[in-house]
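Peer 1: Below, each chain spelled out in residue letters.
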Amino acid sequence: MLRVHSFESLGTYDGPGIRLVVFLQGCNFKCLYCANADTIELKGGKETSVDEIVSMAQNQRPFFGKNGGLTFSGGEPLVQAKQLIPVVKALKAEGFHICIDTNGSIFNAEVKEVMQYTDIVLMDIKHMNTEQHKLLTGQTNEKTLAFIQYLQELSKPVWLRYVLVPGYSDQADHLHQLGQHFKDFNNIEKLEIQPYHELGAHKYEHLGWEYQLKGVKANTPEQLATAYGILKEYFKEVVIN
Amino acid sequence: MSKINEMFAKGMWSEQVNVRDFVQKNITPYDGDGSFLCGPTERTTKLWDICCEAIKEEMANNGVRSIDTETVSTIVSHDAGYIQKDLELIVGLQTDELLKRAMKPYGGIAVVEKACSEQGLEVSDRVKDIFRNYAKTHNDGVFDVYTEEIRKYRSLGFLTGLPDNYARGRIIGDYRRLALYGIDRLVEAKKADLVNLTGPMSDEKIRLREEVAEQIKALVHIKELGAKYGLDLSRPAESAQEAVQWVYMAYLSAVKEQDGAAMSLGNVSSFLDIYVEYDLANGHITEELAQEFIDQFVMKLRVVRHLRMNAYNEIFAGDPTWVTEAIGGRLLDGRHKITKTSYRFLQTLYNLGPSPEPNMTVLWSQNLPENFKKFCAQVSIDTSSIQYENDDLMTGTRNSDDYGIACCVSFQEIGKHIQFFGARTNLAKTLLLAVNGGRCEMSGKTIVEGIPALKSDTLDFDEVMANYKLAMKDVARVYNESMNIIHYMHDKYYYEKSQMAFVDTNPRVNLAYGMAGLSIVADSLSAIKHAKVTVVRNEEGLSTDFKIEGDFPCYGNDDDRVDSLAVDISNNFNQLLCGLDTYKNAEPTMSILTITSNVVYGLKTGATPDGRAQGVPFAPGANPMHGRDKNGAIASLNSVAKLDYKNALDGISNTFSIIPKSLGADADIRRNNLVTMMDAYFSKEAHHLNVNVLNRELLEDAMENPQEYPQLTIRVSGYAVNFVRLTREQQLEVISRSFHSNM
Chain A
0 MLRVHSFESL GTYDGPGIRL VVFLQGCNFK CLYCANADTI ELKGGKETSV
50 DEIVSMAQNQ RPFFGKNGGL TFSGGEPLVQ AKQLIPVVKA LKAEGFHICI
100 DTNGSIFNAE VKEVMQYTDI VLMDIKHMNT EQHKLLTGQT NEKTLAFIQY
150 LQELSKPVWL RYVLVPGYSD QADHLHQLGQ HFKDFNNIEK LEIQPYHELG
200 AHKYEHLGWE YQLKGVKANT PEQLATAYGI LKEYFKEVVI N
Chain B
0 MSKINEMFAK GMWSEQVNVR DFVQKNITPY DGDGSFLCGP TERTTKLWDI
50 CCEAIKEEMA NNGVRSIDTE TVSTIVSHDA GYIQKDLELI VGLQTDELLK
100 RAMKPYGGIA VVEKACSEQG LEVSDRVKDI FRNYAKTHND GVFDVYTEEI
150 RKYRSLGFLT GLPDNYARGR IIGDYRRLAL YGIDRLVEAK KADLVNLTGP
200 MSDEKIRLRE EVAEQIKALV HIKELGAKYG LDLSRPAESA QEAVQWVYMA
250 YLSAVKEQDG AAMSLGNVSS FLDIYVEYDL ANGHITEELA QEFIDQFVMK
300 LRVVRHLRMN AYNEIFAGDP TWVTEAIGGR LLDGRHKITK TSYRFLQTLY
350 NLGPSPEPNM TVLWSQNLPE NFKKFCAQVS IDTSSIQYEN DDLMTGTRNS
400 DDYGIACCVS FQEIGKHIQF FGARTNLAKT LLLAVNGGRC EMSGKTIVEG
450 IPALKSDTLD FDEVMANYKL AMKDVARVYN ESMNIIHYMH DKYYYEKSQM
500 AFVDTNPRVN LAYGMAGLSI VADSLSAIKH AKVTVVRNEE GLSTDFKIEG
550 DFPCYGNDDD RVDSLAVDIS NNFNQLLCGL DTYKNAEPTM SILTITSNVV
600 YGLKTGATPD GRAQGVPFAP GANPMHGRDK NGAIASLNSV AKLDYKNALD
650 GISNTFSIIP KSLGADADIR RNNLVTMMDA YFSKEAHHLN VNVLNRELLE
700 DAMENPQEYP QLTIRVSGYA VNFVRLTREQ QLEVISRSFH SNM
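Protein sequence lines, in the order shown, are assigned to chains A and B.
0 is the number of the first residue of the first sequence in numbering that gives the first Met the number 0; add one for each residue after it.
0 is the number of the first residue of the second sequence in numbering that gives the first Met the number 0; add one for each residue after it.
Certain hints may be false.
[Said to hold, decoys possible] Cut-off 27 Å, straight-line C-alpha distance, at most; resulting in silico cross-link-like pairs (DSSO-like, lysine-lysine):
1. LYS65(A) <-> LYS373(B)
2. LYS2(B) <-> LYS202(A)
3. LYS45(A) <-> LYS641(B)
4. LYS189(A) <-> LYS235(A)
[Unchecked claim] Going by beta-carbon spacing under 8 Å, a handful of chain A positions derived as facing chain B:
5. HIS4
6. PHE6
7. GLU7
8. SER8
9. LEU9
10. THR11
11. TYR12
12. ILE17
13. MET55
14. ASN58
15. GLN59
16. PRO61
17. PHE62
18. GLY199
19. VAL238
The set of hints was computed from the structure by calculation and includes no laboratory data.
All C-beta atoms, glycine included, are put in the ideal place defined by N, C-alpha and C.
Looking at chain B on its own, in the form it has when it is part of the complex:
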């Protein structure tokens, strides 16, 4: 560690594993603008061109360039792989070839077999033999234990997208630790933890000891991985290039071993800046080279790929990887965390073109420097690739300034906290249980017992609410059961040792539940309360349609009469979830987020009392339903801002799309107005905002002529996606969304 101690200011980090302290003691906050930034080098451009060609091949080949059907992917299963070795400053691929996808059968062998066969390929006999006959998988475990009830909920569309046939993801390793400490020191620290895990062997202790033992094995493998690429990962990084490389190697080992839906990066930009500042100050590198390290790092993040079934792609559209990097925010001591590397990361959107990955998330604080705020607004206007979250709200509520965002919107304290992901439940379909005596409106099957039939087909608000509360209670119960099963099994059969090696032993865990259909529920209850709603039933007595007489306020118009219903239902459901026992005593949290499951859930949900027809997609996340926000963009933002983050700690996703002209008459005005809007929105304790600044016509053109728009990025619920990789249905759904236009 001696060289590091000469380079940087000492602190607690010098004696113990504490990256936050290192950042706090050594960060150089930057107040200036982006005029120092450099464009891409020739080398970077050449390398990215090769990647773009490979991506074109991928798209032309049913979305998959190639698959390794022989090897079970582990940290050390593949030889070194390069894009073009003489051009690469930051090295490492998941397999031996660019965009080649690897098998990770511990999630489930049937899943892997299907993913291969859908591409016209077959898993090797050896691997099939192992996983069908000798090794058990997460998927096997979960389905061995799932109750009939849980299976019914899944198949009918009350619980969709659960990580029971794909890896749960949502664990962010503190990959910075590899750079700051090197493998040897980290192994030492984990071994010290083992020494303290002695005494009476309770289940918990045995499990923890095993987890740490696995993590140590992973760390040793990571050193081996480094050796394949000629890197000595046993020691700490000693330069900017090494810091970037080491952080990437830690992340790479995670995506060699696991294929979680969300494999997020953390909060690395402000950390890496410390090394860059040192090298720049000492004349070891130029600004051009500093930017190149970041460009090449980001390039590697952009070519991460996981092997997926088509069914998975329907729910998680556009091949997302959620390599989420949290940029900015503030330290608890009041200083902001904007560094020149914060700018360099955003600059990659210009140097390499727009892209959904890495999923760049600006942690917005009212006190961020104006220069940075304006820069971000311009990046949004130019690329529609970034999202924003309320740093003041999160640091205040969660008491940490060293956090990343897992997946789309979820706060996670780096290295101290992990999440157990739980997708989301269909609360709109649950409302129909209240109207149909506990029966599924489409199949007629009884889902929840004990819900009385309604006294009349003219819906009475209090009666429906009482039934809805009963339905939500049972749905919460079954959801909780499935979550406990999933995470028990995932720990048992597909433990994330490479990621957990970079997390404190026995970290805090959040059980991350979710809900979908909020706007449908709010508008439906509003209709029942303020207008006259009559159920139309079929021969089996199931609702098929709703007749509405009179007006009612819709969510998205800054009208408390309906916005309060949205707040109440989400708070209510969260409270129900919080009351249930959890595996590992994980703390329950909930998100209002759909990803693209708003389309899937819409298909499985019949007509609803708000006038929505059967099969129509829900609005994404916490967004108002398309077309119902009639008072303009700000009224829409105001409605969403009323949702209570304390009852949705896993995140509240809001996607905002606007045509450039509506932001104002010229570039300066547009930038300033966007900054004003974000300051205002977040000042109201709103949590999150995806920002798209584009014309609907552009999207329509991209739909017809995808080859012209290979990098067109658009933000959808909770993430960004390459628009031309969505299915036509998904594209139409995105286009139908409210594009705010005040023209």
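In isolation and in its complexed conformation, chain A is listed as follows:
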């Protein structure tokens, strides 16, 4: 059984095409800017069976069109990698296109097995610099970098996602570093810049937590343009979401 936080049946920013997004409960990071803070808690979520998810997917199949499918997100979906295996296996057997939206920091045998049934990975790389990464998420980034390397070896299609937080993750030299590191990864189809927003801030109050990024403003158009300009030098396709 998977522990699910919620579903979004019209996912248009979660991989290619229209997707049924399954938000799983639980995350091993605690990003300062997390917009889904109520998914972080490892316990909880609704127990959902393989059959239920396959059935939802079947009902929705005509909406996926040519390149849509399902995306497992969260939270960090690979926290439940073991429980995910039978789900993605069953979905693949029915011919669905599978996407995993992950921070890449969980990398073990079970994750490798999930990858066997995954068509594309949305890789949320939080920061190129390991100290800055720890500041932002609570953890360092070596595992993530290793995982991306692994996906390159598998030639698994990847879309990198990078949240541009003014003052925290938009430093020019780190963006160049990011580009330099990944520019020859030919499995990376595009990089999506996620503008920073505060829409999830109200959830912190409900949880009784303090929102750490109060006062950080949304990106100016210039900030976005600068970041785009740097990253465009290195990646086939760069989009601002």
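Fit chain B to the supplied structure of chain A, relying on the hints for placement.
Peer 2: Same frame as chain A, but now just chain B:
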């Protein structure tokens, strides 16, 4: 007919009145994109500017520019009226002045008097004298005959919006016939019908003979109407301009004589295209002029007005006229019916700006050309003015490819079929009868006898369902009685001769019932079944509130446990209605559609077992209740798609509102995603979709600053409306609806 025979391919239509055959033999389906389209001419723009100024005056004057309080409106009662004669290529107004409303007292004189007095005007003494003392009206007839029971149901809110004090509408004349045949030929055909209506004079035959006699009179009057405008309507149209003009003249005569809630246009675009293609091919006109004919025709349709009371406007918000034009679809032979004029009609939304009227309805088939599908999606994204219906489902179920949509959602075979409109009944309030031993929860009056009191205040699903079935049975019975009365009287006192002149003699008739409150009922039954619901009662033992412990699935989340309840109840109620005898043996059909009566009904309905508080509006049509669809837009569409069209042949209305960003990251993606969604939704045999692509903030701004948004159009249950013409309450209700956002 000789010139026409040279212009077009012959067929059955050459020998008998058969417009469908003419279309089938002469249509030029178009697979290309919209790049051929032209913008508005200077002339069109000038003319539309004049109309916009007049509309501003109208809005500033309590919604009515002027009223003719002297004349009883008929096909020939008014002299020719123009907006600005030297600019008009398509002529004709309902009265002698733009936006001047006319009296049609055969519907009811008290209604007309009230509509005038609410504007500070008085009906002329002569007209008052005639209709109070000499001529009987539809409204008089109905209320002479209504039973006490029917009156009780009406006043308490079980049956609202019945066409007992307004004209029933929902009849689409085949206005194309005027263009294809001209008056003389049509009169000949009706006279031939009379010759065949001989033999023993049964009631039915006498009635039919009288109807045809009236239709012939109407046709003669229409020729007279044409003469006032310098048009010879005795003969067929012989050019594109004439075809458009003739079709409009036929429609105009209908709206001079009748003020039905819905006076729909039919399926004229693919017909008119045949003439346009001929003129273009022969160098008689340019594309610019072709578009101008359509722009000016549509302009005329946009300024149709009817005289209404405020009470009417509360139920039918925003001054709708439902000039519904069905665009596209496919022929039974497999070819699609998209023509360049299909594109030209949609283009008017850019050339003249967005507008709720004419109520453009795209008949969507999986096999429509991709170019057209994308064009429509873009029009929806840009204007939120059009709606979509499932052509594959309708042609398959109703076996016709020559149909229009009457009013909001209802299939009607053009010229062969009419509807007897019946608004809708309040099935949510009916559910409360099951909980309150057959008594109205707000007044305490007994509505249905023989419903046992519940054994406990903790609601038991089977017990409530058993009582609900008893309640629905009686509500269906009373509804049926009121409908038979209404349509008998309407035929007798306010017969639609100008429209019926363009319909086959003795056509098939559908009795169009309706139901409101489906989502409330489904969620309430789901709560009772899956959670623990306890009734809170007042001193009189009537329910005032419901306590719910535990979770239950809500309709709109693609969850069969509750969606199946929605399907069962609607099927059940339809079956009850189908079992009852009808006037003229009309075939019963049912719609799941509310228009804006979801607000009115909400006010008259107490707290319901799903947790809804007393007075809160229902969701519109077949929509899930606001805020309860938590799994996103597609899950919501999937729930609605499960409803069974075969048990709701009058239509299933679903309004879909989404913010542009949620459709995707850029314009191309949004268009493609919208097309994919519609293909998918209709592939599941869903029936209808209103599509709004707007931001909630925009609507909030329009509410505060209406002068900035005179043409902002939004689709609501079953029709489109000019947002700033709604009352604040109605606007708030629309804004509170689910605006799908996956951000």
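Peer 1: Now tell me, hint by hint, if it's right for this structure.
Peer 2: Evaluated hints:
no.: 1; hint: LYS65(A) <-> LYS373(B); in the structure: 16 Å, holds
no.: 2; hint: LYS2(B) <-> LYS202(A); in the structure: 74 Å, violated
no.: 3; hint: LYS45(A) <-> LYS641(B); in the structure: 25 Å, holds
no.: 4; hint: LYS189(A) <-> LYS235(A); in the structure: 6 Å, holds
no.: 5; hint: HIS4; in the structure: 12 Å, violated
no.: 6; hint: PHE6; in the structure: 5 Å, holds
no.: 7; hint: GLU7; in the structure: 4 Å, holds
no.: 8; hint: SER8; in the structure: 4 Å, holds
no.: 9; hint: LEU9; in the structure: 4 Å, holds
no.: 10; hint: THR11; in the structure: 5 Å, holds
no.: 11; hint: TYR12; in the structure: 7 Å, holds
no.: 12; hint: ILE17; in the structure: 6 Å, holds
no.: 13; hint: MET55; in the structure: 7 Å, holds
no.: 14; hint: ASN58; in the structure: 5 Å, holds
no.: 15; hint: GLN59; in the structure: 6 Å, holds
no.: 16; hint: PRO61; in the structure: 3 Å, holds
no.: 17; hint: PHE62; in the structure: 4 Å, holds
no.: 18; hint: GLY199; in the structure: 10 Å, violated
no.: 19; hint: VAL238; in the structure: 7 Å, holds
Checked against the numbered hints above, the structure breaks hints 2, 5 and 18 and satisfies the rest.
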